[in-house]
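Those sequence lines, one after another, are chains A and B. Everything in the first sequence is counted per the working numbering, starting at 1 for the first residue and increasing by one. Everything in the second sequence is counted per the working numbering, starting at 1 for the first residue and increasing by one.
In case anyone wonders, no lab produced these hints; they're calculated from the structure. These numbers were taken from a predicted model, which means no experiment stands behind them. Using N, Cα and C, we set each Cβ at its ideal position, and we do this for glycine too. One should not assume that every hint holds.
Cβ-to-Cβ under 8 Å is the rule here; a few derived chain B residues that face chain A [what the hints assert, rightly or not]:
#, residue
1, Arg4
2, Ala50
3, Ile51
4, Lys54
5, Gly167
6, Gly169
7, Gly258
8, Ile259
9, Ser261
10, Gln317
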Amino acid sequence: MSKDIRIKKGLSINIKGTADKKIEKLPLANTYALNLNDFHLIVPKLIKKENQTIKRGEPIFYSKTNENLLFVSPISGKIKEIVRGERRKIINIIIESDGEDDFIKNKPLNFKNSTASDIKKHLLKSGLWPFFKQRPFDIIADPNLKPKSIHVSCFDSAPLSVDFEFILKDNIDLFKTGLDALEILCPDNLNLGLKKSQNFLINELSDYNFTVFDGPHPSGNVGVQIHHINPINSGDVVWIVKPEDIITIGGFLKTGEFCPNRTIAVSGPPVKNPMYFKTRVGAKLNSILNHINFNDESNLRIINGDVLSGYKVKSDGFLGYYNNNLSVLKEGNNYRMFGWIPFINNEVPSIYKTSFSWLSNNKPKEYDTNLNGEERAFVATGEMESVFPMDVYPMQLVKECLIGDIEKMEKLGIYEVSPEDFGLIDYSSSSKIEAQTIIREGLDYLYKETQ
Amino acid sequence: MKIRNILDELKKPFEKGQKLEKLYPAFDAFETFLFVPNHTSKTGAHIRDAIDLKRVMITVIIALLPALFYGIYNTGYQYLVQLPESFTTVDAIIHGSYKIIPMIAVSYIVGLSIEFLFAILRGHQVNEGYLVTGLLIPMIMPVDIPLWMVGVSVAFAVVIGKEAFGGTGMNILNPALTARAFAFFAYPTYMSGNQVWVSEASNVDGVSGETILGMLAAGNSPGQYSVMEMFVGSIPGSIAETSTLMVLIGAIILIYTGIGSWRIMLGGIIGAAITGILFNLWGANALMSFNWMNHLIVGGFAFGIVFMATDPVSASQTVKGKWIYGILVGILCILIRVFNPAYPEGVMLAILLMNVFAPTIDHYVIESNVKKREKRLINQLKTA
Numbered sequence: 001m002s003k004d005i006r007i008k009k010g011l012s013i014n015i016k017g018t019a020d021k022k023i024e025k026l027p028l029a030n031t032y033a034l035n036l037n038d039f040h041l042i043v044p045k046l047i048k049k050e051n052q053t054i055k056r057g058e059p060i061f062y063s064k065t066n067e068n069l070l071f072v073s074p075i076s077g078k079i080k081e082i083v084r085g086e087r088r089k090i091i092n093i094i095i096e097s098d099g100e101d102d103f104i105k106n107k108p109l110n111f112k113n114s115t116a117s118d119i120k121k122h123l124l125k126s127g128l129w130p131f132f133k134q135r136p137f138d139i140i141a142d143p144n145l146k147p148k149s150i151h152v153s154c155f156d157s158a159p160l161s162v163d164f165e166f167i168l169k170d171n172i173d174l175f176k177t178g179l180d181a182l183e184i185l186c187p188d189n190l191n192l193g194l195k196k197s198q199n200f201l202i203n204e205l206s207d208y209n210f211t212v213f214d215g216p217h218p219s220g221n222v223g224v225q226i227h228h229i230n231p232i233n234s235g236d237v238v239w240i241v242k243p244e245d246i247i248t249i250g251g252f253l254k255t256g257e258f259c260p261n262r263t264i265a266v267s268g269p270p271v272k273n274p275m276y277f278k279t280r281v282g283a284k285l286n287s288i289l290n291h292i293n294f295n296d297e298s299n300l301r302i303i304n305g306d307v308l309s310g311y312k313v314k315s316d317g318f319l320g321y322y323n324n325n326l327s328v329l330k331e332g333n334n335y336r337m338f339g340w341i342p343f344i345n346n347e348v349p350s351i352y353k354t355s356f357s358w359l360s361n362n363k364p365k366e367y368d369t370n371l372n373g374e375e376r377a378f379v380a381t382g383e384m385e386s387v388f389p390m391d392v393y394p395m396q397l398v399k400e401c402l403i404g405d406i407e408k409m410e411k412l413g414i415y416e417v418s419p420e421d422f423g424l425i426d427y428s429s430s431s432k433i434e435a436q437t438i439i440r441e442g443l444d445y446l447y448k449e450t451q
Numbered sequence: 001m002k003i004r005n006i007l008d009e010l011k012k013p014f015e016k017g018q019k020l021e022k023l024y025p026a027f028d029a030f031e032t033f034l035f036v037p038n039h040t041s042k043t044g045a046h047i048r049d050a051i052d053l054k055r056v057m058i059t060v061i062i063a064l065l066p067a068l069f070y071g072i073y074n075t076g077y078q079y080l081v082q083l084p085e086s087f088t089t090v091d092a093i094i095h096g097s098y099k100i101i102p103m104i105a106v107s108y109i110v111g112l113s114i115e116f117l118f119a120i121l122r123g124h125q126v127n128e129g130y131l132v133t134g135l136l137i138p139m140i141m142p143v144d145i146p147l148w149m150v151g152v153s154v155a156f157a158v159v160i161g162k163e164a165f166g167g168t169g170m171n172i173l174n175p176a177l178t179a180r181a182f183a184f185f186a187y188p189t190y191m192s193g194n195q196v197w198v199s200e201a202s203n204v205d206g207v208s209g210e211t212i213l214g215m216l217a218a219g220n221s222p223g224q225y226s227v228m229e230m231f232v233g234s235i236p237g238s239i240a241e242t243s244t245l246m247v248l249i250g251a252i253i254l255i256y257t258g259i260g261s262w263r264i265m266l267g268g269i270i271g272a273a274i275t276g277i278l279f280n281l282w283g284a285n286a287l288m289s290f291n292w293m294n295h296l297i298v299g300g301f302a303f304g305i306v307f308m309a310t311d312p313v314s315a316s317q318t319v320k321g322k323w324i325y326g327i328l329v330g331i332l333c334i335l336i337r338v339f340n341p342a343y344p345e346g347v348m349l350a351i352l353l354m355n356v357f358a359p360t361i362d363h364y365v366i367e368s369n370v371k372k373r374e375k376r377l378i379n380q381l382k383t384a
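Pulled out of the complex, with its shape left as it was, chain B reads as follows (with noise of 0.2 Å):
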């Protein structure tokens, strides 16, 4: 194992008392990618699972790569669509990659150095959460928002939304949509409205980036979108959050894997169901008048709800607290939509909200357990 022997050789300056002691953690993480440790258990349990926080993230984001993929050509797609010229699949996927491939990097070379910086400070590990929140972040921003600010949204989210907590673990809020909500509210202008949507959509003639719960907000009907594009993904919205299709192969990856929680993604699609088919019945306006199933398919709905709600960190952590939650997420995302004009997309508030609420659906859940116990004490002692 010649790799083995030059890294046991570059180890000895980060090893205790040494020179680069302080650095430790980033070389640990740069070797730990490159081999399972040979770490054996101490105490507890003498066998472990093969499972490790970095295989749960790498499933993660092999679960996220459909959905980019078909993103970076959707991204092509839509703005080649609306020029004059005949363009090739090709030619969308490299327009595609080159507006999105920056915007990954970015992501990653801001966040990482920040959660290195804070490991090595901390003299922890550095933990492998961020793989996948580098790249949910450019996978749910509009595609021509500057690099600037995909840079300073990652920073807020990754220092406010989650070191200012303790780290991995102990955010309240999932990251990646603290970096969303962060850029929608600081730059609203390049975040929302019907330019941005589409890549150069403010900049080129013709071309124009309206989302299908954009047109409905305003009461347009999107007539030129049939259900097989808004279930395909072919349509403008965030950058990979428009194939319903593509999510579903994601969901199936992490519901075969046994990393998300299909609890909360069942869930969230039981809430948004019941509130679109009330919404139906009433149908007062255009977005309630919105076939529900339709809702189901357009917009972040199903991007956010099986891979940003599942975050087990910020998500309710008790079983029956997954079910309550995934039904309120898809719930709010749905009262969202119909009834606040400015914010035509729900999910991302509603799955924040939802996030502040977790502890609590939490304690409730655990209240009524402790109950349970207690009850069960009285009627010893009643019987004693």
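With the rest of the complex left out, here is chain A (with noise of 0.2 Å):
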């Protein structure tokens, strides 16, 4: 069963550098971290401490909010270090590996006779629940409350984009298993959006409720897939996970045992040689990089995630939770004299014809972290609307996030978005709005306020 949904509005961005669909499988690295950063909202209360030895799959934190709420580790070791910040937070939990890679073993669960709430203990006792998120609050999914429905997007539509059919094409089986449980959590509403071209999820995944979706970026976001299949209302949640987490899932429902593997496209115009590498969620980046030649080495912005929602990581760092982009940049602190007056400059990329980029349009460009301007006031209206697929005003949504008007908040559609959506609205914006950062801070002080 399948329907067609064409996004007519969005822009598709074509940065020089997508990953070449090879792939290398990379040995384990010597540390790994769970960066707290990826479980946004989440406060740690600790169950192992510093220098303790860990076992794969064996819990180091839970939710404060809820202790059933497990955190596991990705690799055998011991906890290296606990990095905190200011108010002694914890940023940071960096493990060692043995090169053991020692885990704890699972019954394997006969999930076709049971009930969607033993699937569900099943997950949040073995630590495979931080992979299912929710709207409204782009949150980990909160397992007391009942989905409306699930949601997953198979395609990636941002600049750079990873290739998930390449990724899920030899561990079709096991996706499959994992639907089958997702199935089972949320009866008769997973919805899976996917992307013309995937000729063969199409054809592999007959059996399930897909959309296929048509049109430029943000088309792929699950946000916006949600908006068209089933919008999100007031009081609604929904759950989403991603394609690769689903294969962890059901590879864990069939074996027992958790190994949160995470293929990575390592991407963008500095890079020699993009392409796919198989490792471990939280790997120490120098595992992934040192297999990167880059053009020039210096002044390079490394970012967990796409370049419009990711964050940005240092070349010392961790790779995060979710991301199966590691987009690389160069970083455009340089001065450019007259750079503002139109037609010059034609090699930075304009949605607008004030300059010459768009006769190239076709061809792969070379985009630079450069803010290309100043922050202003909110000037050029109606450019938001032209990037954002979804029937919500953004600009005045954007401004009640601002004012922190929760019932304008909730009749304009917070509850539909998602800072991701507003990656577009970043990048085009004349005045350079952090659009992203005051839709974050407008979900959490909705959260803070309501919950």
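With the hints in hand, could you dock these two chains into one complex?
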């Protein structure tokens, strides 16, 4: 069963250095980390202390608000360091691998005869629950709430996009196992989002309920897909899971072994050999970057995630928990004389025709991190609507988030959006508005006031 | 990069904790005029478009230039053509420049001084919006208005029209039209009638300065002007509003670059055309029976709808709202022209009035979106 939805608004940004469809399996890294930045609004309560040994799949901490929500180690070894920031807030938990990769063996679950609550308990206990995120608020799903639906976007439309068909191909059976479990968790309302060109997946997943999307970014954003399939109303909860994590869930249910593999696409203009690597969540970045050749190693920005919605990470940092891409950009910390005059600096791409860059729009371009201007008051209007394919007024919503008027935020559809949906608004804003940050703060404020 | 080094050296006293810290916004305005700063994205999207407010504003200025140059020529032409002596195009341009360049200078000096002052007092960057406003104000004034009146109008528009509301992006009315409306009501003898629209018309005998709309309002026929003249713009009027051709070039620049809203422009033309056609059918007075197509090319309609109504801050901000706003500007403009002989040109008041109503239009557009969302929720609760 499938239907087609065409997304008209949006923008596909063509950046140089998309990963070639080559994959290399990396050996275990020396260190791994769980970055609390990945688990938004989770306050950790530690189970393990520094220097304690740990096995893969063994809990390290649980959420302060729900002690059943466990976070487990991706590797065996010992807790090397618990990095704390201001007011002793935990930032990073670094684990040193012992090279053995011992793991906790759980009993495989014959989930086809299990109830939703059995599966949920099993996943929570074994540390797989953090793979379930929820809308509204774009946080780890609250296992106590009943979801209206589960949505999985099986393609990425962001710049330097990851090819999920390529990632899923080799493990399509485990992916289906995972999907079967999700169907039990939310009967009759598992929705997959596929892209027109994904013939393999469209063929393989014909037994599942999917929608075929066509159109520019952000058509691959799960929030946009939810909006077009079954929009979130006030009071609804929708769960979302990323494709590769469904393989991890499927594998776990089949074998009882928690193995959070991560296929990562390293891409971007400075990368000479952009390609895929198979590693594990939280791996030390240099275990990956050592296999990469750069045009110029100085002055780079490494991003966990895509260039619109990811976060900056130092080259001695760690891979994120959720992202399938590691994007690399050149820092744009240089001055450009009279660069604001139209038709000067045509190498800087623009969606406006105040530069000749549009003449070569088919060619991938070098983007850097220069802001290309300074932040200003909101002036140009309508530009936000043109890259925002939801029936929500983005500028008005951003303004209400700045004001903090909860009633109006709700009315304007705050429950339907997540920061990543505003990535293109950040990109295209002539006033250099930080819309994603504003929406994140708006959601956090709403969460604090209503929960 | 020598200039860069000099700037870095000059910047030091303006940095945080230094003597001239408070004047940093002023320094910043000059520095960012010379160089796009080296700022990189800190939060949010890591890549950013090449567009910024400076580029938006300079594009509007480029779009204004054809109309400005033609206005300078036409100012000289309208004056010299009524004198017995023969003259050349260069004579016309010289006369026009002599009249208009001081007005532009006064507008920028007064306006930018106030903008810099407010930026320093409020500690924010100087916004680029005034670059456009400052050029627009002299372009929509009658040529003989004394320079001090330009200065006072500018001061009123920037302080009361813009900064009082919180500065760029917050104003309700278009600042350039606020300046013109201020001058219009404060100094009516310099802003209306049949003596002001041609250079020196009030001083030199034999030079008359009546606009086509003025003639029509007085019940006279503007027979001496052909449609071609109205379109090209060799007719009396405010400095740069007369040439529909040059405005059209500006409109093409704005629409092509994606800076100006074509929805507002098209909406305005549709609104004015429909109203004009209806009045043509009625035909009770000279203005009503004035061909609807000519309504679109005389007076400030074209200039207003392309450069003033599209001001993103004071116009409607939603896509649907822009259509409604544009159409209403067009309708109101012709209505005011036809029904109010005291204001033969209706476009200024039409745009200002719609500026006031733009937030209301947006409110209802958004309200319908909110209703849709509420309805969806009710339907879901019913089926559940």
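Checklist entry - Can Gly169 (chain B) be said to touch chain A, with a Cβ gap under 8 Å? => result Gly169 (chain B) check passes; min Cβ-Cβ to chain A is 3 Å, inside 8 Å.
Next on the checklist: Less than 8 Å between beta-carbons is the criterion; does Ala50 (chain B) satisfy it with respect to chain A?
Outcome noted: At 4 Å from the nearest chain A Cβ, Ala50 (chain B) passes the 8 Å test, so the hint holds.
Checklist entry - Can we keep the Gly258 (chain B) interface hint, with Cβ of chain A closer than 8 Å? => result Holds, because the Cβ-Cβ distance from Gly258 (chain B) to chain A comes to roughly 5 Å (cut-off 8 Å).
Checklist entry - Does Ile51 (chain B) pass the interface hint, meaning its C-beta sits closer than 8 Å to a C-beta of chain A? => result holds (5 Å)
Checklist entry - Is the interface hint for Arg4 (chain B) satisfied, with its Cβ closer than 8 Å to some Cβ of chain A? => result holds (6 Å)
Item to check | Evaluation of the interface hint that places Ser261 (chain B) against chain A, nearest CB under 8 Å | outcome: Holds: closest Cβ of chain A sits about 6 Å from Ser261 (chain B), inside 8 Å.
Next on the checklist: Does Gly167 (chain B) hold up as a contact with chain A if the rule is Cβ-Cβ below 8 Å?
Outcome noted: This hint holds: Gly167 (chain B) lies near chain A, its Cβ roughly 7 Å from the closest one there, short of 8 Å.
Checklist entry - With a cut-off of 8 Å, does the beta carbon of Ile259 (chain B) approach a beta carbon of chain A closely enough for the hint to hold? => result holds (7 Å)
Next on the checklist: Take the shortest C-beta to C-beta distance between Lys54 (chain B) and chain A; is it under 8 Å?
Outcome noted: holds (4 Å)
Checklist entry - If you take the shortest Cβ to Cβ gap from Gln317 (chain B) to chain A, is it below 8 Å? => result Nearest chain A Cβ about 4 Å off; hint holds.
Against the hints set out earlier in the document, no violation occurs for any number.
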